[in-house]
Amino acid sequence: MTTVAPEKVAVPTKRWSGQSVPRKEDRRLTQGQGVFVDDVKRHGMGYLHFVRSPYAHAHITSIDVSKAEEIKGVFGTLTGEEVAALTDPFFQIAGAPGGQIKDFSLAVGKVRYVGEAVVAVVAETRELARDASELVEVEYEPLPALVDARKALDADAPLIHDDAGGNLMWQGIYEWGDLDAAFAEADRVVKIDELHFHRFNSTPLECDGALVEYNRGTGQWTIHTNNQFPGFAAIMMGPAMRCGLDKLRFVTQDIGGGFGNKITSHPQLVACCLLARKLNRPVQWTEWRTDFHMSMSHGNERWFHDTEVAVKADGTLLGFRTKALDDAGAWLRYEPLGGVIWAQVTPGMYRWRHIRVDFTQVATNKAPVSPNRGYSRMQHLWFTERVIDIVAKELELDPVEVRKRNYVRAEDMPYETPNGCIYDSGDYAQMLDMALELIGPVEERRRDAQERGKLFGVGIGSTLDSGTNNFGQSQLINAELQFSGNNEVATVKLDIFGEIVVTLGTTPQGQGHETTAAQVVADILECSVDDVHVRAGHDSYWNSHAGFSGTYASQFAVTGLSAVKGATEMLAAEIKKLAGAVFGGVPVEALELAGGGVRIKDNPDAFLPFMACGAIINANNAGLPDDLDVTLNCRYVYRPPFQVPDVERKYGNLTLTYAAQIHVAVVEVDPETGYYDVVDYAAVDDCGKRINPQIVEGQVMGATAQAIGAAVHETYEYDDDGNLLTPNFYDYHVPHALDMPPLQTGFIESPSPFTPLGTKGMGEGGGAGIHAICAAIQDATGAIVTDSHNPYQRVWELLQ
Amino acid sequence: MDVAVSINGTLYERDVEPRKLLIHFLRDDLDLTGSHIGCDTGNCGACSVIVDGKLVKSCMLLAVQANGSTVETVEGLADGDELNALQQAFSDHHALQCGYCTPGMLMSATALLRESPSPTDDEIRKALQGNICRCTGYWNIFEAVKAAAR
Amino acid sequence: MLLREVEYAKPSSVPEALSLLAGNDGARALAGGQTLINVMKARAASPDMLVDLSGLEELKGIELGADGTLSIGPMTTYAELIASAEAKARPILGEVCAQIADVQVRNRGTIGGNVCANDPTNHLPPLMAAVGAQMTVTGSGGERTVPAKDFFLGVYMTAVGPGELLTRIAIPAGKHDGFAAVTLGVDGTCIVNAAASANGSLRVALGCVDAVPVVVEAESPDAVRAAVRGAGLEPPSDVHASSEYRAHLAEVLAERAAREAVAKS
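One line per chain: the protein sequences are A, B and C, in this order.
Residue numbers for the first sequence, in the numbering used here: 1 to 800.
Residue numbers for the second sequence, in the numbering used here: 1001 to 1150.
Residue numbers for the third sequence, in the numbering used here: 2001 to 2265.
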């Protein structure tokens, strides 16, 4: 594995920021001392098992839990009927028609996908809960299942939600520029009937889970869980449970991967809360792998129909129009935000100005869709990359040249897209050159492969990782919504003995927040990272969270670290104010932080260590000036600069930063079988200022591996009756060690002009690997690739 | 049924149901929560431990089958507070992100290095084939094992 | 993930094991557990009693007879077979075992378990059929020898009946063997596999295309594809491959396995 970088780094390296500081998290994780939710135990806790629907679509005609409840050691059960009496339906993001559906924590009256939770059973042991669940008798009246989203709006399609009156969940038309003029000016109109982005997700190794305690005296729930967006969970759960949000305390420590797939566990958490209260004991829920595959957070499956692309003969792209059909599955849990989030990257990486997307989202009898790494932008970016390669093929132009001709250029930055998003910085052409250089010359390799009877292909995948959402884009989905902007919180304090303690609002699942936060703090306080103690995980009781707190959407490097920066700068200012007073009225401009304390610049022997500062404020404060406004316990809320978008024109800045990745994949295809190997691979990324390069590279690698998995093997396929055919790791093959290609990586740093640290959020990786492998297969086979998922059979079929 | 199992040098004697999987015995009965569960079909390897000198997936063994056996888990790798060379190499090479697959990965690497102190790249991959990681893409893990081997 | 209640017994002799199996309707033999435990986790099958064979020394060990026949104990693990000097008398055995899953599975999974499970995607049933293995089946009534071609009866079904055990596998020595597969990822589950043996006549056994291995004979590798077509395969369709694609792969892999077998000197 080799890494190359350009000679000059744009921003000078500070003492800690920019270094690959060893991770604080590693000590406990390499010893198996991480605390993941299933590691947490409480005396007398009951284990919960969900009885799940075997049908994709059915009326529930009766439920009888009596036999289960008779078993010694079974503590109790919960049914949909109880849930409907005790809670209100979850808030819906959509307006009519999708917003009319009634979503509860257990199925009420009807089941709408195989694996939907119908009854919860709680017992003394895991095994007993599982056994007792087999004694729960549920009678169903099966209904026809709707599995193909393209049929969802047919007159005779099975109706999934009576309350919505149809399977249409949301629809919107996005149009900017002048399409008529663009198509009139075009030398060619390239038509693509159908492109399909398939259904899969990131299958974090740890599944969802919770241990919920209920305090009868105070009405307080403590929810130990691995939900990665507690802010969202609280907003969903509080109103449903008819309680104030402060009654829901979320506690997380270590989370075994999230990738967006741990955002919408609120229905299961509500079931746990209701049972903890009903049974007056802690309730523990472990989700097994099959449960996760059947019911959690599938990524958006999206069709692009009747695409037309206006191009000039030299490959200049003028614009496109397409009809996007999005399959939301059986419930809208975070959807239909996917219907707007793609618009953060409307033109992909290209300069076309005339764009129309007719977006339709429908319900089907499949697992509910929720954010998956690259959420909604990945699907759209894959679409733009397919268009580039298909146009290049039709016009018989080099895909490299077509990209360079059309890429947004470094000199265009900051670049305003047709819908008002601002690409902050970047140099895509340079990144493409770097990626191609990492692969090296291919002609001899192509000849060598051909001599061995293999087809050889090279493909490019360019992608953006838009980060730090403006939640005002939700108003483009539903103008009644009262969400906009974004925020994150951090606190930094000096304890009595001068210990620097940081709390974050985020819920990291491996991104090393404890480490990078410490780097930022140490730079500002001029101390060692070893002196900075960052509390692990998230706890609502720390009061370092706000409405949007969590770890999702590629934003920590901006929102989380900016909150840390803000809090630390507040603390630094207070330390100087205190020292100034203690030194007898020295102005703060004459002071500096150094060596683990504060001193007078011109007289460094006048030095107050942090320990003294902490001790004075906390325990020895007599004699301080009356007007000294210092607590040494600073809380800061970072708020990115956003406006509410123009709902009429669907126009405005939807994300603050745009990290970029450009990948090149090389494949060799066995034409007799369709089997193929990825024989070489290069990934170049740009996420602005890198606080910890090793952590950033780790994210690039991980996203690459997941994209390769999705491109070749990973898919959630359903049969015609709505049964999931890949419900576990036996059939849903994720990459293992022997599946990995060689990897070269490179980077550039284009700092963001919009963020306090010049960082850009990153981590999702925008599916670049999928785009690159599709392109490589197209190059190798000479056939147009129209599906994001290309297992060996599909490649063989392309060759027939 | 009574079982007696020596785990990381400590003898544990318990009464367990025959149906209890070794991984649940470790995690739930003995509070050795370092080994993890990531799947339900024996594919992910997060539960990997060493039993009588052989690397196995503890989700495919009953606790009663380990009666009289010697078991090594991640909790036995460090020397008190000192990370061993392999654990340190994992940290040095950023071979872990969320840490969930890491205990199993460390046991697989430990088993490899005992048998093959200077493994080739191919041998490393083959040895880790039974351990799924979703965060790292494995490349840094290969580097870490190579570094620990030198 | 959580098993139903089950009894557990660990006999110390084959007669004791047979008695337990014969005396309990719901008793199943537990070999390496790499298949059975997963089946029980899914509750797809829930035996009342597990009869652990790991204490039965008679079922272990590999011997190479003077006439070049390998005698393999069914409780031999894949790892043991790969490491066995005796097993090198038939190198294809270790080569194929080394492709099965991963180290953990190979440390526990057994030759006998793989063969008796007879999952259509398993590696060893077609291999046994290609090399002409002879299976010794023992019951309360005594021992009998079943040739591989009569051993595999249906999906998950073999000639080992209730109250019986596979106690020995005999394979003649030989070097002219081949194996080809397309798998779900490297060393993954087979989508289609083919085992070929060219020790004397050319025989190819196909896996994953029917309930049991399908054996074809041909004069030479050039004639293999026609022989496979002549077998009139109607392979199953599933999420990993259509029937048509499996049938096509069967032809291609059969020929490749045959060429590999013939090429070995």
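Bear in mind the hints are in silico, worked out from the structure with no lab data behind them.
Predicted model, so just to flag it, every value in this text is computed and none were measured.
Quick reminder that beta carbons are idealized off the backbone N, C-alpha and C, glycines included.
Be aware that a few hints might be false.
Unchecked claim - Here are a few chain C residues that sit away from chain A, every Cβ distance over 10 Å (derived from the structure):
(1) Glu2058
(2) Val2182
(3) Gly2188
(4) Ser2201
Said to hold, decoys possible - Computed from the model, here is a short list of chain A residues facing chain B with C-beta under 7 Å:
(5) Gln31
(6) Gly34
(7) Asp39
(8) Thr61
(9) Ile63
(10) Tyr140
(11) Glu206
(12) Gly256
(13) Trp288
(14) Tyr730
(15) Ala737
Quick rundown of the hints versus the structure:
No Cβ of chain A comes within 10 Å of the Cβ of Glu2058/C; the nearest lies about 33 Å off, and the non-interface call holds. Its closest Cβ contact with chain A, about 6 Å, brings Val2182/C to no more than 10 Å, contrary to its assignment away from the interface. Listed as outside the interface, Gly2188/C is inconsistent with that label: its C-beta sits roughly 6 Å from the nearest C-beta of chain A, within the 10 Å cut-off. For Ser2201/C, the condition that its CB be more than 10 Å from all CB atoms of chain A holds, with the nearest at approximately 25 Å.
Annotation: Gln31/A was flagged as interfacial toward chain B, and the flag holds, the nearest CB pair being 5 Å apart, inside 7 Å. Checking Gly34/A against chain B by beta carbon gives a least distance of about 5 Å; that is within 7 Å, so the hint holds. Given hint, Asp39/A at the interface with chain B, holds; its Cβ is 4 Å from that chain's nearest Cβ, closer than 7 Å. Taking 7 Å as the C-beta contact cut-off toward chain B, the hint placing Thr61/A at the interface is violated, the least distance being around 30 Å.
Below 7 Å, beta-carbon pairs count as interface contacts, and Ile63/A has none with chain B, the closest being about 25 Å; its hint is therefore violated. The restraint placing Tyr140/A at the interface with chain B is violated, with a minimum CB-CB distance near 24 Å, outside the 7 Å limit. Below 7 Å, beta-carbon pairs count as interface contacts, and Glu206/A has one with chain B at about 5 Å; its hint therefore holds. Hint status for Gly256/A: holds, given a least beta-carbon distance of 3 Å to chain B, under 7 Å.
The criterion of a C-beta within 7 Å of any C-beta in chain B is met by Trp288/A, whose closest approach is roughly 5 Å, and the hint holds. Taking 7 Å as the C-beta cut-off, the interface hint given for Tyr730/A holds, the closest approach to chain B being about 4 Å. Taking 7 Å as the C-beta cut-off, the interface hint given for Ala737/A holds, the closest approach to chain B being about 4 Å.
Consistency with the previously given hints fails for numbers 2, 3, 8, 9 and 10, ordered from lowest to highest.
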